[in-house]
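As they're listed, the protein sequences go chains A and B. All residue numbers for the first sequence refer to my numbering, where the first residue is 1 and numbers rise by one. All residue numbers for the second sequence refer to my numbering, where the first residue is 1 and numbers rise by one.
Treat the hints loosely; a few may be bogus.
[Claimed, not checked] Listed next, the in silico DSS-like pairs over lysine-lysine satisfying Cα-Cα at most 27 Å (straight line):
#1 A/K79 - A/K134
#2 A/K132 - A/K121
#3 A/K154 - A/K20
#4 B/K79 - A/K20
#5 A/K79 - B/K20
#6 B/K134 - B/K20
Hints in this document: simulated from the structure, not taken from any laboratory. These figures come from a predicted structure and were not determined experimentally.
Number of protein chains: 2
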Amino acid sequence: MNSSSYLVLMHYPTVDRAGKVITSAITALDVHDFSRLARTYGLGGVFVQTNLPKQMELMERLLGHWIGGRGGEANADRKFALECMAFAPTLDDVVAEVSARHGTPPQIAMTSARDVGVIIKSFAETRESLEKSKQPFLLLFGTASGLAPEVVEKCDWVIEPIGTPTDYNHLSVRSAASISVDRLFG
Amino acid sequence: MNSSSYLVLMHYPTVDRAGKVITSAITALDVHDFSRLARTYGLGGVFVQTNLPKQMELMERLLGHWIGGRGGEANADRKFALECMAFAPTLDDVVAEVSARHGTPPQIAMTSARDVGVIIKSFAETRESLEKSKQPFLLLFGTASGLAPEVVEKCDWVIEPIGTPTDYNHLSVRSAASISVDRLFG
């Protein structure tokens, strides 16, 4: 199941802290961390989604250093990690690409630190349904203050918040993704 | 046990990919991610260690924005997270500070992606010994290509590598810390 599961790092539509819909900026370090995480757990890959072509161009230029350039020559492990990463302008494009690769459309879930009011499965329940499923799987992560409601509606389910011993739950998207992947695919 | 456990993010002595001892540069995002992680799991705090006073000064200036400045006014959750963070020039200073806070010296462990040849405990064994222990606990993380041998010698034990389904194990320090903390303190 790991090799047919993908991480999708979403930048639009996300919301800011006031709940307004925005496009968040891509953080270069996220792209590295997500790719290294996906390769370490043997996942199918990472999609970095943004609706801004200029952001994609900039990132492709930066990542060219690691994939086709001197960075990749000096650090083959990083090159290998980043080769599992692709850009996509919309979630629908990601769905189309993964459907084409696997011959069947993916199931979609997201994690959320907040209760977003749709069907919720625990990490254990999610793991169990992935083990039984014959479909590929997309795990969405929102940047900024989270995913806009129209993305939530496209999910088959939402994974429970990462339970912790405190009321404070403000993990970075890098931490949340790492913990979620370890719980689901470790 | 969580509130007497500390994360220590080490920048010296670390090694580069050729095994040469270096001081790595502090990554601002690491400081944020580690602080948010420590607060989410109710840990005692985070020590960012570097032997370079100029690096500490620079970081204190940047973090002043979040703790005493406008960033903190706008984002109280981030202010709260970063308030659990302290700088230290050496590991011995961290040990002295934590010993003073708790009236007894800490046990020290590190995680390693490589086999470093000292006593190894699994995550489950580490969790079990922390539950029984009356001492505080330091969990060390190396930046660059890992901690220098002289740091390894100061550890009471090393925690097993984060086992994954692949041979590729090149997680970022942010991912490794997140997964380790979730396994030990979740």
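We went through each hint and held it up to the structure:
For the hint pairing A/K79 with A/K134, the CA-to-CA distance comes to about 30 Å; that exceeds 27 Å, so the pair is violated. Distance restraint check for A/K132 and A/K121: the Cα-Cα separation of roughly 15 Å lies within the 27 Å cut-off, and the hinted pair is therefore satisfied. Straight-line distance between C-alpha atoms of A/K154 and A/K20 comes to about 19 Å, which keeps the hinted pair within the 27 Å bound. For the proposed pair B/K79 and A/K20, the alpha carbon gap of about 23 Å is at most 27 Å, so the pair holds.
Distance check on the hinted pair: A/K79 and B/K20 sit about 23 Å apart at the alpha-carbon level, within 27 Å; holds. The hinted pair formed by B/K134 and B/K20 fails the criterion: a straight-line CA distance of about 37 Å is larger than 27 Å.
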